[in-house]
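Please take these sequences and the hints and turn them into a complete structure.
There are 2 protein chains.
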Amino acid sequence: MLTGYRQSIDNIDAALIHLLAERFKITQAVGRYKAAHDLPPADPAREERQIKRLRALAKASQLDPEFSEKFLRFVIDEVIHHHERLREE
Amino acid sequence: MLTGYRQSIDNIDAALIHLLAERFKITQAVGRYKAAHDLPPADPAREERQIKRLRALAKASQLDPEFSEKFLRFVIDEVIHHHERLREE
Chain A
1 MLTGYRQSID NIDAALIHLL AERFKITQAV GRYKAAHDLP PADPAREERQ IKRLRALAKA
61 SQLDPEFSEK FLRFVIDEVI HHHERLREE
Chain B
1 MLTGYRQSID NIDAALIHLL AERFKITQAV GRYKAAHDLP PADPAREERQ IKRLRALAKA
61 SQLDPEFSEK FLRFVIDEVI HHHERLREE
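Those protein sequences? They're chains A and B, same order as listed.
So the first sequence is numbered by the numbering used here: it starts at 1 and just counts up by one.
So the second sequence is numbered by the numbering used here: it starts at 1 and just counts up by one.
Everything labelled a hint here was simulated from the structure, so no lab data went into it.
There could be a bad hint or two in this list.
Where chains are identical, the list cannot tell them apart; a pair therefore holds if satisfied intra-copy or between any two copies.
[As the list claims (entries may be wrong)] No more than 27 Å apart at the CA atoms, straight line, and that leaves these computed lysine-lysine pairs for BS3-like:
1. LYS59 <-> LYS34
2. LYS52 <-> LYS34
3. LYS70 <-> LYS59
This is how it looks when you write it as structure tokens:
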């Protein structure tokens, strides 16, 4: 019982890791573009739209919207660190 | 340029939210099973295996292994809160 659940969790985690890897590839390209064009690392208006959209998607898929917002902030914080590092280079 | 990148990021984020929703559906079933069989909410040995595996997958897909570990801990912390709530009910 627990073993079957855990195999599914492990499959989902592998998919999550590979999607996150692709996401950071794109945000690294965004970071290089922003650094080259002297744009600020963070974009609060864009973040607000993202949070609103993900909360709606979370609700529709029975995920806690609070968690989806915490999750996006967790990922965006990491992205902003990357962008700041690119600016300093 | 930025618009194209952002459309890809938005697609990936939607996929991440839906996968997370599925993951929590499974961990909720695990939580009910653990509560019914009086098993502890956390399982440090299982978590250690998960972290080791995800760090290897992260490395293979050019994602920062430190980030993959932070990410899994972030998700597991949420799961343990859910399990603790189920035990109290």
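We went through each hint and held it up to the structure:
{"no.": "1", "hint": "LYS59 <-> LYS34", "result": "between (32 Å within a copy, 26 Å between copies)"}
{"no.": "2", "hint": "LYS52 <-> LYS34", "result": "within (24 Å within a copy, 34 Å between copies)"}
{"no.": "3", "hint": "LYS70 <-> LYS59", "result": "both (14 Å within a copy, 25 Å between copies)"}
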